[in-house]
Every structure is written in structure tokens, then in C-alpha cells.
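Sequence lines, in order, name chains A and B.
3 is the number of the first residue of the first sequence in the numbering used here; add one for each residue after it.
3 is the number of the first residue of the second sequence in the numbering used here; add one for each residue after it.
Short derived list, chain B residues pointing at chain A, Cβ under 7 Å:
(1) LEU45
(2) GLN54
(3) LEU59
Source of the hints: derived by calculation from the structure; they are not laboratory data.
For every residue, glycine included, the Cβ atom is placed at its ideal position computed from N, Cα and C.
Given next are the chains, with one letter for each unit.
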Amino acid sequence: MFLNLAELLQAQANGDPKGRENVFLIHPLQLSRWLDEAWAGLAAVPPLPIGSPPGSPPVLGSAGIVEALDLPEKPPPPPLLLPSGIDIANVDTWAEQLGPTSASGGLGLIWHHLSYAYVVESTGAFEIFAEVVRRLVVGETLPTLLPDAVKWLRATEELFFRDPPLFSIMGTVSELRPRARVSRRNAYWRMFGMDLPYDIPARWDGAGGQAWKADIGDGVNADFRAKWSELLRQIWLGLENSRNSSGANPTDGSYVALLCRAIKDMFNDRRRGGLLAREEFAYVTVLSWFHLTLQSDTPIVRDLKAEATTPAERLALLGQRVGLTPAQRARELFDLAEPMSSVLRAIEVGTFDDPGQAATLFDDTTTLGEEMRDIINHWQSATGERIKERPAGTTVTAPSQPLRVPTPGSGTGVPAPAPTRPARAPTPVPAAAATNGQRS
Amino acid sequence: MATNTDGNAENAKFLEQLVKLTDAVQRLAQNSLTAERDEGVLLRQRVDFGYQALGTLMGRARTKGFNVRVVDARWDKSGTAVELFNLPAEAAWVELRGGVTTELLEIDRPQYDGDTAADAKPQSKRRQPPDKTPDGRVQPAELTSDDRIDSLLVLRVRRGPPIAIGPRVEPLQVSRYS
Numbered sequence: 003m004f005l006n007l008a009e010l011l012q013a014q015a016n017g018d019p020k021g022r023e024n025v026f027l028i029h030p031l032q033l034s035r036w037l038d039e040a041w042a043g044l045a046a047v048p049p050l051p052i053g054s055p056p057g058s059p060p061v062l063g064s065a066g067i068v069e070a071l072d073l074p075e076k077p078p079p080p081p082l083l084l085p086s087g088i089d090i091a092n093v094d095t096w097a098e099q100l101g102p103t104s105a106s107g108g109l110g111l112i113w114h115h116l117s118y119a120y121v122v123e124s125t126g127a128f129e130i131f132a133e134v135v136r137r138l139v140v141g142e143t144l145p146t147l148l149p150d151a152v153k154w155l156r157a158t159e160e161l162f163f164r165d166p167p168l169f170s171i172m173g174t175v176s177e178l179r180p181r182a183r184v185s186r187r188n189a190y191w192r193m194f195g196m197d198l199p200y201d202i203p204a205r206w207d208g209a210g211g212q213a214w215k216a217d218i219g220d221g222v223n224a225d226f227r228a229k230w231s232e233l234l235r236q237i238w239l240g241l242e243n244s245r246n247s248s249g250a251n252p253t254d255g256s257y258v259a260l261l262c263r264a265i266k267d268m269f270n271d272r273r274r275g276g277l278l279a280r281e282e283f284a285y286v287t288v289l290s291w292f293h294l295t296l297q298s299d300t301p302i303v304r305d306l307k308a309e310a311t312t313p314a315e316r317l318a319l320l321g322q323r324v325g326l327t328p329a330q331r332a333r334e335l336f337d338l339a340e341p342m343s344s345v346l347r348a349i350e351v352g353t354f355d356d357p358g359q360a361a362t363l364f365d366d367t368t369t370l371g372e373e374m375r376d377i378i379n380h381w382q383s384a385t386g387e388r389i390k391e392r393p394a395g396t397t398v399t400a401p402s403q404p405l406r407v408p409t410p411g412s413g414t415g416v417p418a419p420a421p422t423r424p425a426r427a428p429t430p431v432p433a434a435a436a437t438n439g440q441r442s
Numbered sequence: 003m004a005t006n007t008d009g010n011a012e013n014a015k016f017l018e019q020l021v022k023l024t025d026a027v028q029r030l031a032q033n034s035l036t037a038e039r040d041e042g043v044l045l046r047q048r049v050d051f052g053y054q055a056l057g058t059l060m061g062r063a064r065t066k067g068f069n070v071r072v073v074d075a076r077w078d079k080s081g082t083a084v085e086l087f088n089l090p091a092e093a094a095w096v097e098l099r100g101g102v103t104t105e106l107l108e109i110d111r112p113q114y115d116g117d118t119a120a121d122a123k124p125q126s127k128r129r130q131p132p133d134k135t136p137d138g139r140v141q142p143a144e145l146t147s148d149d150r151i152d153s154l155l156v157l158r159v160r161r162g163p164p165i166a167i168g169p170r171v172e173p174l175q176v177s178r179y180s
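With the sequences and hints as input, model every part of the structure.
Next up, the structure:
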């Protein structure tokens, strides 16, 4: 979510990447108010050239969910309900207007798919930043911060580590679901049938354990991972053979489209009536804040002496400061997060429902084809799952497709997925609670 | 000797005709393949453009190509034409979709004399105030100013690659400029 705002601020700074850091200089009250305005920004998004039926918002499972949860059309006067007043030309001011609710030229904005939050959180970024913030506010075990980093610290704690303001779109924490960490895992589990590759740190776990899974019932996309992997495999076949001018070509656009429709139906099952829409917005918002913090040498990164060239390296250095180790494959996960989210959103919209449209996924002359190649590389490296290799043998021919066509829910058509974790899942290693103040 | 020469000439002529025939058959096959291939290429260009538009709306980095051009549009005061602002120089056609109606219209821009100054500006600054002269206009035949236009796609040629996207255009009575 904050990536949209960062893009606007960078454009305002004539493309200077430093402009993105201005997000962290905006007052948390304004950011909090802006999130409600940004939620409504989805309603302005036009149907894309392929996919989504005209006249309806392109995602979220219900045409009415944005309006159902947005602010009144004529908001009450201040101070009851102030606009965010964010002025991208001067972030240290308040203008009597709504903040920017368009990614570009009045088209509205879309937040990332829930997969983005899942993949970024899998790096361990959330837990490392939680520990950084905790140490900064309860003791003096970390260096003193300069004013810009103090702003980041204040905004981070107020936006993500306390109860959200009353009646905010971010209000996904309550007496009924008090722990945000658990609520996020709940959403990931329902949508992808995957839990994070590490346990909730003991400090925050309480006595909950895995009990939250019992509340979910049957509404779990348990075979998402199998279908996603199969889709990547088929797309790789297409990319591998895209320049074939003679000989056999096992690429099957119809089967790729079939897989895309199965994944779309699977997601839409979980999104009926707008379910998980608000949660997705809230969780993507949280993780985009930390991702943005790591994208450059931002004030908090500088003050904690964690300057580096990539988000993964910065995260590792920050982790060192607080005795935590991020995921071993954090680099791939950061690289995977945005492209995977874009492709899953496009699948949800119905962009690849038709074999001709699905062929774009393995057309490496397009942006999308190039991106698919990257996704396959990053997914393979991050999870250890071999996408590019097929069983070889002289007597038995390896099938290029499973026998049965995929179905959205049952999982009977494709092999059962790994239950919870990738085979070589990245595992952040939380340090013992007693190491507060020690460098690992 | 003369017979041999005649025979060679006949053979050469026959060979020439055979080559022409082969070429003709090949051209015929290629034309059919090319048409099919062109259809596929056009469709994939459209899907790719849609994907880039999605990335732009999701806030993905402009430096990675997610920087789809955005035009602005509104019904004119008479309600007979849609005015277009910030058009790219190469824009020639517009596809309008409203409900189940789709119209493909050639852009009329009689006063157009080159790329607009706005082309050089960053996108966030490119929205035109409503009193500016539009870069072009189209006159829909089926969609009226009572209809909402759900999507607006700018094309380089009639069926050609999309090069820009526009916002929803509200009916004239509820236009944001009214």
C-alpha cells in the first residue's frame, strides 16, 4: 500500500529514489487517515483491457465490498473526521483535502495481493523490525536515533504495534482476534494453505500455539501450492520451447489457462462476499511499510548502521543488531514478492482465462513473459522446489502434465501439496529472549 | 544441338514455373499463418499492456516498466463527443467500453500539430484542468452522455497495440467537472 504512495512521492521528486523516503516523514495521523482514503481508491479503478467484467471493481470477490466499508460520501465536519491532508509536494504540512488516491492520473489504486504480505513476512522482516522497535522504546541497547529515524519509529509503533484507531479500515484487531500475528497466519492459511516458515516468537506467542487453525474449518485452499507449482512448470515448458520452429512442442496454452482458472476459482471461493478483502488490505499495508523501509538506506537503516545494497542485506544487518537471523533465502523472497503478487492478481482478474491470453505468460518478448522467467527462478531458489527439471529416463516417458485436470477446491486432480512448509523453507531463527542487548 | 538447346530452354521455363508455383503456395500458406500469428501477437500485446497497467496501479516501480501512459477524458458540454486530454503523439484510435457496448473510434484532432508539451512532464502532473483545449475527441455512435464509460483504451492503429489507458468517464450529469 505504501509502495503506491512512495511511487507518487518519487515522481514528485522528479524520479529521485530518495523521494520515496518521504513516506516516513508524514505524520502517522495523516497516514492512518490516508489508508481509509486509499481503500476507497480501488473503486475508481477501471476494468483492465483483458479480464474483469466492465463496471465492477477488478478484484476482492465482491463488487460492493469497497463501498460497504469506505467512509461516508459526505464525511462529517472536522474534528470528527478529518481528511488526511497529505500534500505530496510538501509532506510536512496538512492541506484541507483528501490525500492522493490514484496511482496515476485519476485511475485509482490497487494494493498488492495477500501473497505479497505472505512472501515478505516469510523473510522474517516483521519479527526483526518488531524487535528493533521494542528495543528502541524499552531500553538503550541500540544507537541513538536522529530525528528522521525517530519519526519512523513513532509512526511504526503507532501504526502497527498498538490498537488501530476506532472505526479505521485497519481495525482488524479486536477482543475477538486480539493477536495480529495470528490473524495474518489465519489469512495466509485460508488463501494459500501455507503457514509462515517459522513459529511465532515465544515472547509474543502466549499459549496459543497452532490452535487458531481449529477455527478455520474447511475453507482452506490446501492445494494452492501444488497448482501454483504446476502452473510455473507448464509456463517454463512454454518459455523453453517458445522459439521452437520445428519438432515437438509440449507447450499447451489450454492447460495453462485451465490452471489459471482453477487458481482463480480457488481464490474467489475464499473471497465470496468480500471475505478477506479488508484483512488483505491491512496485512499488505503492514508488510509494505517494512519492505519500503528496506528498499534503500532509509533513516532507520542508516542510524542502525545497516547500510547495504539490497533489502535482504539490510535486513540481515538489522537482524544482527537485535540477535535475529532472517530467512536464508530472503533475497529471493524480496525479489519474488511483487511479481508473484502481480501475476496472482492478474489471474484473479481473469486475464489468462483463455488459451490465447494465457500464451502471454510464456511469450518472452513481453514484460509478463520476462517476469514469469524471474518468478520461476526466484520461486525455485526460495523453496528448493525444482520447477525446471523433469524426470529423465530411457524406458518411461515422463508425462508433461498430470492425468486429471485441476479443480478449484478438492485437490483430487493433482498431487497433494506439502502440508505447511516449503521443502527448504527459509527459517528465521529467533534469538533467545534473554539476549536483549547482546549482539549475535 | 538445337534440340538440346530447345529442351534446356523448356526445362528452364518449366523450372521457373515450378518455382513460381512453389512460391505462390508458400506465400498463401505464410499469409494464412501470418494472419493467425498477427492475431496472437495482438492479443498478447493487449494482455501484456493490461498487466503493465495493473502493475502501475499497484505502485510497482516505474523504472521497471510499470509506467503506463494515462489520458484524461470527459463528455463535452453538448454531450455528443468525448474529449481527450494528454494524448500520446502516436494515438490514433480509442476503444470505449460501457456496459456491454464496445466502440472503436478514430480520434479526431484537427488542431493537433505534434506532441503536447504535457508529454514531457511526469505523469502525476499531467492531469489537465477542464478548461484546456482537448488534444482530440471522438463521437460515439452507441454510447451516449447518459452512459458511464467503464474503460477507455488508446490505440496506435485500428487494432494495434494499446498505448494508453483512461479513467472511467461519468455520465454528463454527474461529471466531476460539472
